[in-house]
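Asker: Sequence:
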Amino acid sequence: MYQLDITKRFKRAYDKLDSNLQDEVDEAIKTLMNGRPYPKSLRVKKMRGHKSIFEASPTMGVRITFQYNNPDYIILRNVGSHDITLAKP
Numbered sequence: 001m002y003q004l005d006i007t008k009r010f011k012r013a014y015d016k017l018d019s020n021l022q023d024e025v026d027e028a029i030k031t032l033m034n035g036r037p038y039p040k041s042l043r044v045k046k047m048r049g050h051k052s053i054f055e056a057s058p059t060m061g062v063r064i065t066f067q068y069n070n071p072d073y074i075i076l077r078n079v080g081s082h083d084i085t086l087a088k089p
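Going by full-length UniProt numbering, the sequence shown opens with residue 1, and the numbers climb by one from there.
Hints listed in this document are in silico derivations from the structure and should not be mistaken for laboratory results. It is possible that part of the hints are untrue.
[What the hints assert, rightly or not] Each computed DSS-like pair below joins lysine-lysine, with the alpha-carbon atoms no more than 25 Å apart:
hint, residue 1, residue 2
1, K8, K51
2, K30, K45
3, K11, K88
4, K30, K8
5, K88, K8
6, K88, K30
7, K46, K8
8, K45, K8
9, K88, K16
10, K40, K30
11, K40, K51
12, K46, K30
13, K11, K30
14, K11, K45
15, K51, K30
16, K45, K88
17, K51, K11
18, K88, K51
19, K46, K11
20, K88, K46
21, K30, K16
[What the hints assert, rightly or not] Between beta-carbon pairs, the in silico distance windows are:
hint, residue 1, residue 2, range
22, D5, K51, 13 to 23 Å
23, H82, D23, 14 to 24 Å
24, D18, N70, 28 to 38 Å
25, P71, D18, 28 to 38 Å
26, S19, N70, 26 to 36 Å
27, N69, T31, 12 to 22 Å
28, L4, T59, 16 to 26 Å
29, S81, I6, 15 to 25 Å
30, A87, K11, 10 to 20 Å
31, S81, K8, 17 to 27 Å
32, D26, H82, 15 to 25 Å
33, K51, S19, 28 to 38 Å
34, K45, N69, 17 to 27 Å
Bear in mind the structure is a predicted one, so any value in this text is a computation, not a measurement. Beta carbons: idealized from backbone N, C-alpha and C, even for Gly.
My request is simple: use the sequences and hints to build the entire structure.
Answerer: Right, dumping it as structure tokens:
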């Protein structure tokens, strides 16, 4: 099971989401924390053009960007709509 490190950017972006989306993101984070293998429904993949950043999709319109800090930590970097979040992971 992973522990979380949450960036200020993630916190600000999360606070801007409506409560329904926050619930979806919370469930996705719990799944990420449980470790691999991730369910296909979360659509976890490495981001193109970013060596160590991954993305997960709690919904079709929302992305979470994160990276593995070491074997025990996940750093949550950003969350939000597909285009905005992937432009600034």
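Asker: Please write out, lowest number first, the hints stated earlier that are contradicted by the structure.
Answerer: none
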